[in-house]
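Going line by line, the protein sequences match chains F and D.
Counting with my numbering, you get residues 1 to 335 for the letters of the first sequence.
Counting with my numbering, you get residues 1 to 297 for the letters of the second sequence.
Take the hints with a grain of salt, since some may be wrong.
[What the hints assert, rightly or not] Quick look at which bits of chain D chain F covers, simulated, 3 or more residues with Cβ under 8 Å: (1) 72–83; (2) 103–110; (3) 228–238.
[What the hints assert, rightly or not] Chain F regions said to be covered by chain D (calculated; three or more residues, Cβ under 8 Å): (4) 116–123; (5) 299–312.
Hints are computed from structural coordinates only; laboratory data are not their basis.
Every residue gets a Cβ at the ideal spot worked out from N, C-alpha and C, and that includes glycine.
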Amino acid sequence: MIMMTTRQWLATAAGVAILLSLPLFLPNFWLVNIFGRAMVYGVVALSLTFLAHYGGFVSLAQTMLAGVAGYAVAMMAPTAIPLGPMAMPYYAAIPLAVLAATIAGAIVGMIAVNTREIYLLMITLALAVGFSLFAQSNITWFRGYEGIRNIVGPEIMGLPFRAPLVFYYVALGVAVSMFLLVLYVVRTPFGLVLQAIRDSDRRAAAIGYYVGLHRIASFALAGFIAGWGGVLITFYNIGITPSSIGLWATVAVLIMAVIGGLGHPLGAFIGALIYTVMDTFASSIIGHDRFNTLIGVVFLAIVLLSPDGVWGFGKRLTAAVGKAPQRTVDREKTS
Amino acid sequence: MSLQFILTVTLNGLTLAALYFIVASGFSLIFGLMRTVNMAHGSLYMVGAYVGFAVYDPLYASDVWASHAWLIGVVAGILAAALVGLLMQVVLLGWMQGQELRQALVTIGLSIIIADQLLFLFGGNPFRFFTPELLFGPTELPVIGRYPIFRLFQVVLAIAVGIGLWLLLNKTKLGIVVRAGVDDRQMLAACGVNVPLVAATVFALGAALAGLGGVIGATAQPMALGVDARFLLMSLVVVIVGGMGSIGGTALGALLIGLAEQWGQVLFPTYSVILTFVIMATVLAVWPQGLLGRKPT
Chain F
1 MIMMTTRQWL ATAAGVAILL SLPLFLPNFW LVNIFGRAMV YGVVALSLTF LAHYGGFVSL
61 AQTMLAGVAG YAVAMMAPTA IPLGPMAMPY YAAIPLAVLA ATIAGAIVGM IAVNTREIYL
121 LMITLALAVG FSLFAQSNIT WFRGYEGIRN IVGPEIMGLP FRAPLVFYYV ALGVAVSMFL
181 LVLYVVRTPF GLVLQAIRDS DRRAAAIGYY VGLHRIASFA LAGFIAGWGG VLITFYNIGI
241 TPSSIGLWAT VAVLIMAVIG GLGHPLGAFI GALIYTVMDT FASSIIGHDR FNTLIGVVFL
301 AIVLLSPDGV WGFGKRLTAA VGKAPQRTVD REKTS
Chain D
1 MSLQFILTVT LNGLTLAALY FIVASGFSLI FGLMRTVNMA HGSLYMVGAY VGFAVYDPLY
61 ASDVWASHAW LIGVVAGILA AALVGLLMQV VLLGWMQGQE LRQALVTIGL SIIIADQLLF
121 LFGGNPFRFF TPELLFGPTE LPVIGRYPIF RLFQVVLAIA VGIGLWLLLN KTKLGIVVRA
181 GVDDRQMLAA CGVNVPLVAA TVFALGAALA GLGGVIGATA QPMALGVDAR FLLMSLVVVI
241 VGGMGSIGGT ALGALLIGLA EQWGQVLFPT YSVILTFVIM ATVLAVWPQG LLGRKPT
């Protein structure tokens, strides 16, 4: 049971209703390449926001975990070019890929369990870049630079996965499920202990909670979420290459989460949407060659001016206007 | 596997470790005093290489300056990186001192902008410095045989940088101030030391080392876009393994990683990256502070 106030339920229901009805108004390009893309990358950013806000870990390994799931599903996909030795139907490959990402998340958690803040950032970044370099140099499994192509996804009710409506609704379904999963988990005893550990690990340990195990479990859960994102991203890109999980992809997910705001799970999707819109339309603003400068400047401006992102900015704005007084004071670890 | 082969691979590892040490010592120096994780350190490496080359290239083509072109390129690369580093610290990072995560995010943003602007200003073509006359060509070594002089020079330079940093930190007034700042910044400021000035100096020095590494690295191997990621990764791993903020630890980490990379490529070519990360994970599991890092008090 997810406990929310009536207003929050209404807001959520209204949001979902709007998203459900978007195909009525929007052309396919917006459905798939803007909203669909923002939602699948938003799921990966969500896994980072979950760890950052409720666990206090700004992990840069989330793109890598999405990549683990993406490579896993690509190796097992029946349509893969080149076909892997373990080809199996999608309905078996997808859960196994998400499982692989969950296990990989637990392993990242075990490696990083004794570190925090800045050290955690460095170690997870090193792991992420290392994994993409490994995928790039390994031919036997990862197919080197070329990656694995033609991962078109399963047919759903006789329709190809890449049909705009199918992709959009699946992406929406996964994004909403993961969003609600995060909101649910942080109110379970596990989620509450996780937040207690974030606030003071010594006190939580003194009460008798096993701090390390909770941290590892939170990384595994984040791996599960990122894994779903990774599978969908691989379907969206019709394949996977090492560069799609490299340093820039890792930084892009961090940018999405930070721009949107690390203070609330919704921030991940807001940030992903802003990033996607800018990535798509930057060409008409400053020429697509300088997209990185634009996104870098926006990112820098957000970090300098509003460290809790667009979400935090909006919250302060509404508080200042006085329509919605702030009920809770969020503890910001990121600022 | 002959003795000659073993020694050659080991020497290759040593020369690589030398380059890693020069770059990572700057990273470690900045981290040691200011707790700033400079995610733009790889970008400073690129700034050094690109600006150095922009100065070097026309000089090399001219008749008068050709013989000094490389040295001038080195100086230009060092100065450019130091200047960019100084600006980063003074304009952006200085006033958010203590907010480590925010500083890391700021430097990530800067690294994106710097990489893109370098691409815009200098184009994406790979380039390489020609080795200066004095350091050009192979030399005869016992057992190993012919070996490039420049790679040996890298080791000499790294040792010089190491000794220089040691002298600076242990034998000068600035060194005393820096070491005091590592222990307790507030107390240092209360003693009347201009801490922001010291911080800016140290940041410029750390950035200068990245710039020096950039020119040296672009002389040893062709330089192309994307090396910022590699050298940032390498700096991170070296200081994580060696221990943050310790020059000795950085040297030890660079040695381990340099040797592991070269031997890994010989023994299991496509899995050599894994070896680096196995070392990192093992060190973290046993010594969370790195091999020579201090325990937080």
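Consistency of the hints with the structure:
no., hint, verdict
1, 72–83, "violated (count 0)"
2, 103–110, "holds (count 6)"
3, 228–238, "holds (count 5)"
4, 116–123, "holds (count 6)"
5, 299–312, "holds (count 5)"
Of the numbered hints listed earlier, the single one contradicted by the structure is hint 1.
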